[in-house]
Amino acid sequence: MVALISSIAWLVPAFPLLGFLITGLAKNRLKNNQAGIIASTLVSFSFITALFLFFSLRSSGQDSVTVTLFNWISAGDLNIPFAFLIDHLSITMMLIVTGVGALIHIYSIGYMHDDERVSSFFAQMNLFTFSMLLLVMGANYLILFIGWEGVGFCSYLLIGFWFKNPAFNYAARKAFVMNRIGDLGFILGIILVFFTFKSVSFTEIFSQAGALQAGAPMITLITILLLVGAVGKSAQIPLYTWLPDAMAGPTPVSALIHAATMVTAGIYMIARSSILYNLAPITLNIMIGLGLATAIFAAVIGLRQNDIKKVLAYSTVSQLGYMFLALGLGAYSSAVFHLTTHAFFKALLFLGAGSIIHAMGGEQDIRKMGGLRKKMPITYLTFLAATLAISGIPPFSGFFSKDLILTKAFENNPLLYILALGGALITCFYMFRLLYLVFFGSQRLSSAHPHESPRVMTIPLIILSVLSVFGGFLNIPELFGGKSDLGEFLHSAITSKVTEELSSSTEIGLIISSLALLGLIILMAYRTYVKRAVLPAADSESLSLFGKVVANKFYIDEVYTLLLEKPFGFLSDFFFNTIEKAVLDPAVDGIGTATSRLGNLVRKLQAGNMSFYLFAMVGGILLFIIFILIV
Amino acid sequence: MVFLFYMLSAIMIICALLVVFSKNPINNVIYLILCFLAMAGHYILLNAQFLAVVHVIVYTGAIMVLFLFVIMLLNLNKAIILRKSTVTRVSAVITGGIFFLVLLAATRQTFEIHAKYPFASDFGLVSGIGKVLFNEFLLPFEMSSILFISAMVGAMMFGKKDV
Amino acid sequence: MILLIILLLPIVTGLFLLLLKNPATARIIALCSSIANLLITLGLISTVPSPSYSVNWNHFMGTQFSLGFDGISLIMLLLTNLLFPFIILSGFTRAHIKIPVLNFLILFTQSALIGVFLAQNAFLFYIFWELTLIPVYFILLLWGGENRKAITLKFFIYTLSGSLFLLFGIIYLFTLTPGMHTTDFSAFNQLHIPAATQTWLFWVLFVAFAIKMPVFPFHTWQPSTYTMASKQGVMILAGVLTKMGIYGALRFLFPIVPQGVLYWQNTVITLCLIGVIYASVIAFRQTNIKRLIAFSSMAHISLMAAAMFILNYYSIQGLLFQVISHGVTIVALFYVVHLIQERTGTLELPQMGGLKHVAPNLAILLLIIVLGSIALPLTAGFVGEFLIIAGLAKFSIWFAFLGGTTMILGAIYMLYAYQRIMLGDNNPTLIRVKDIRTLDFFILIPLITLILILGIYPQPIFNLVEESVKTMQNLLPVNEVVTLLTR
Amino acid sequence: MKDISSAIQLIPLENYVFLSVALFSIGMMGVLFRRNTIAILMCLELMFNSVNLLLTAFSAYHSDPAGQVFVFFIMIVAAAEVAVGLSIIVMMKRNVDSVDINLLNRLKW
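Protein chains in written order, with my numbering: chain A, 36 to 666; chain B, 30 to 192; chain C, 1332 to 1818; chain D, 6 to 114.
Read the hints as simulated data drawn from the structure, not as lab findings. We treat Cβ as the ideally placed atom computed from N, Cα and C, and that holds for glycine. Wrong hints could be hidden among the right ones.
What the hints assert, rightly or not - No farther apart than 30 Å at their CA atoms in a straight line, the calculated lysine-lysine pairs in the BS3-like style are these: (1) C:1352 <-> A:199; (2) C:1352 <-> C:1429; (3) A:583 <-> A:403; (4) B:160 <-> D:98; (5) A:601 <-> A:583; (6) D:98 <-> B:189.
What the hints assert, rightly or not - Computed Cβ-Cβ distance ranges for the label pairs, DEER-style: (7) A:632 <-> D:110: 17 to 27 Å; (8) A:660 <-> D:110: 39 to 49 Å; (9) B:119 <-> D:110: 19 to 29 Å; (10) B:165 <-> A:626: 26 to 36 Å; (11) A:626 <-> C:1520: 31 to 41 Å; (12) A:601 <-> C:1783: 46 to 56 Å; (13) C:1349 <-> B:181: 30 to 40 Å; (14) A:626 <-> C:1525: 28 to 38 Å; (15) A:532 <-> C:1381: 24 to 34 Å.
Unchecked claim - Listing some non-contacts, in silico: residues in chain B with all C-beta distances to chain A over 12 Å: (16) 39; (17) 43; (18) 66; (19) 73; (20) 91; (21) 135; (22) 170; (23) 176.
Same shape as in the complex, but just chain A:
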């Protein structure tokens, strides 16, 4: 079995790579849907292979298999094989990436049908899938880093897919640069890992890590640097602003990259390094703070957004915040669980949003939608399922995963629980606000003729909604008679922190109270947006101060522009115009100028005036004699 795994593991990333090469190189020869079909088929093959690997691994009885393809870098002590690590964590991620990826690819066939550069689109999507698979399958940090940068780059390409629009290009560049800021921290972290453990391979590092003392400064530094990378990639405070802007890309891109897979790479990486993080309590606390702050902050911003994709983007940021919170609490497998369910329901939400945008002819403003429930029943139902899931209504998947995190928070500190619950309530509110505004009421934009999307788009929606509804059953906690299957499954790859279990009565109490609050919130949203049919104010209208601040996303973008971009540009000008042109250049030229000035000066002595020469000669003789006399 192990031999089989090692012999076919490379196929998983190879299929998308092949797809990339075919659709990329032959992009001018492929007709309308061919590129999409090729790409989707290959990603599906990849999914099937991953499934096969999953069952093989289960039946082999081994926890992990390392597949070495070749030696990538071998210089001195530094030995980096190009190797894949197939274990329970990576196989989970592979299944999510290829599974959700395949669905989104299929969906894209319909969504991108009319685009003239559809082949390029699928090529880039396949390249992304390939990079993401490298990321999750890599057996050492460097291979992970290849995928890490690769997905960042593909995200750059896909955000700027409609490159005619300079604003989109700017958004793409912003995403890439912000990711790169994180990547710098990440690569420094990797280098420190290497110098500490003399290896970058996961298995070797984690086997050595046990010998380290918890809280050692080196470990803290490493984990913080790795965290910086994760913060950049997973859009946490302070590097989150690129994610809402990244909605410039086509909607399937947002679903695949900016909801289901790439942004969760940071979570995956930290979960992967759980052993190191367990040794660094300071970093864990930082993560709790960051995650919680992001979760609430992004949710608050989400309350006032009117662009359907922006709402979802801030919701993604917020959900990622929950995952970070879980990571910070040491509940790594809960984070991965939430990651999984989030991949289902957020991809579904985005695809649904794509379906709506598709139907509305490109309109993304929720104030102009409305009453779509009747026109697009499938989209409505799937969207509803996803909304219920993200809000945490049982028995939808989001309930189980979020509840697990909330419980862990309560175990740690009730205050954390209250804050996290607050964030969840806000999430619930803005999601239902979105739902009501889009699907209920009457249609507000008369020019649009909404219609249900073609089957190629709705079938992925349906499959994903099924997953969103029942995804939670992957990991039913003991409270509900389950066995925490996913947690158990991941146990071999992730070392979660052991905490005191809450008594089941407390847990049930918490669940009931939170459910009651959720119901209240839904009712409130219903009263506001359906009964009273309140429309969010237009941007120009005056709002209360706080409302204005929230609607403008707390002016974070502006602050960044003011604090970073402007000074940077100023510095650049200063360096070039002042230091370069007024200091260094003149200094060098000055030597030349001084020489020629001196020449001009001396030239005057040499004017050819004979009597002057005679005088000079006499003067020279005089000096000479005087010199002799004196000496």
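Since chain A is already given, all that's left is putting chains B, C and D on it; use the hints.
Quick look at chains B, C and D alone, frame taken from chain A:
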């Protein structure tokens, strides 16, 4: 006879100054000839009769005539006003004065030589010089003819119109 | 003997070209000669034992005409001979009456460069070092752009005056050698120079290399020269000539004045890192694409220089790898820039845009090269830069951080330039523009393939220099791992 | 003759030194003072002769005939010099129609 020395010296210096300060080139030449004649007197005083004669013949007879000849040839006999700026002339005088003082200072040591070397000259006549000239200095003497030839050729070359 | 062939083949061919009237034949012959040279060089790699060549030359000065190589020379040699076919090939556009002369000058440069990298004798090294200036000067002067006279003169005098220090240093070392004085590197390497002398001798030797590389603040000749140089001129300059500085520093500083290096190490590394950030920041606001790339090249070279002065195993490996990678990337980049200039008729970024609509292939090729330049994994740039940053981190985590900022800043300005040139709405002025020609494929595809292959399988280069690096890293008297956190 | 010899013995050597130094300085002053090239040449002669006088004086006081032979040679050289110098002046007059030293300003090349 001591008087003779001072008189000759005075004539020399006065003539030399006139050479410098008089404006007419002809006058310059005349004063210079006077100066050289006085110098010939000095040579006789120094018991160097041969030199005195040669001096008169070569300098006053040949060289100064050559000067005169050139001045006439170039029609420079009238006083041409070629004066340097006052500053230059003043500084020339000052420089000359300083030079005089410095040279005097430099020759300080000679002030005591006189005691060591009293006047003793008995070779100033043609025979005395000739013995030395044609014994020790024969080669330079012959070489000087080459110098003359080259000077002659040079002068002729310069004299040609289209060099 | 084979070394002599490598050294003389280009120049002899070049002289032969001068006799030819037909430009087309001339450049084909030039290309053939350069390819032959490349093949011989590739043959050298596997030749064991490595050949050398030596005759007595200038006896009273103790100078031998001795050629030889080690891993470091080999890397440089490989780079030179690898790039010159492409540089010659890039001149295959329009037949021009001056082409024999141009190709002669290019081949002359090649010979001189090979001489620099093969010389085993400091005096010989110096002669070749200066010899490179002559053809490059004429290439820049005759085929340069705006304001070429002043800029070329500045370039020439600047580098020349730097070299004079080097000459002084060589003569000084010459007088230090025992017995019959000699200028052989082997004799220089065995000198035990007092530490106090080394501290000043370091700068005497370093200035020439610092100007050539260039290291902040000796760089002022570079941006303007790159900006005005013709395509082949700038490809030679950026691709190979700057590497001479690195090579020279490796040859002279570390073996001969190790204590001087140790004394100035922090200063020089700081200067280099200032250069990295300074050049990157400046590049951000440049509107002229060539000047932008010039500053980006300076940032990369400065990082390489910093790695050189760290002098541990990783940094030297990374440096030597980056030498190849940077050479290939920058040559491809400048070639593409030339193509863009040909198509848009301008170098000013604000006037460009939308080229991708009419030249999609060019856009893709440029994007890959840009990725190589900003060190995306699986391109050659990443491997080198990763090792360099690792080397820096081994010395001090702060240095690694500062050096690593080039990853961020490079992404900012390179992507900005890429987007400015290629993306954006349709540009009405570009309607008649054609996508790239076959010739461009012949030049760019091999270079890009090289960038990718070296990124995916860099091992051959590492193996090539392994031994030299191991000798190199032991040169500094103290080379201990500094505790990472204390810095 | 004896008279002269005995009389001159009363005159110290210094006086000759003073005299020739004075003459030399005057000659040099003249060189600096005048613009007329011929006059400058004459001043040069003056300087020559002051040196001659000094040489003769020392020769006489040291009773060394070589000094006087040297004066003889100086005269030879002076004659040659004057011949060339005057021909230069003639040429100068012919070319620039002046004997002004300030017009000879091409020495800067």
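Verification of the supplied hints:
no., hint, in the structure
1, C:1352 <-> A:199, "violated (49 Å)"
2, C:1352 <-> C:1429, "holds (9 Å)"
3, A:583 <-> A:403, "holds (20 Å)"
4, B:160 <-> D:98, "violated (44 Å)"
5, A:601 <-> A:583, "holds (24 Å)"
6, D:98 <-> B:189, "holds (13 Å)"
7, A:632 <-> D:110: 17 to 27 Å, "holds (23 Å)"
8, A:660 <-> D:110: 39 to 49 Å, "violated (28 Å)"
9, B:119 <-> D:110: 19 to 29 Å, "holds (22 Å)"
10, B:165 <-> A:626: 26 to 36 Å, "violated (59 Å)"
11, A:626 <-> C:1520: 31 to 41 Å, "holds (34 Å)"
12, A:601 <-> C:1783: 46 to 56 Å, "violated (37 Å)"
13, C:1349 <-> B:181: 30 to 40 Å, "violated (53 Å)"
14, A:626 <-> C:1525: 28 to 38 Å, "holds (31 Å)"
15, A:532 <-> C:1381: 24 to 34 Å, "violated (58 Å)"
16, 39, "holds (26 Å)"
17, 43, "holds (23 Å)"
18, 66, "holds (28 Å)"
19, 73, "holds (32 Å)"
20, 91, "holds (27 Å)"
21, 135, "violated (6 Å)"
22, 170, "holds (31 Å)"
23, 176, "holds (24 Å)"
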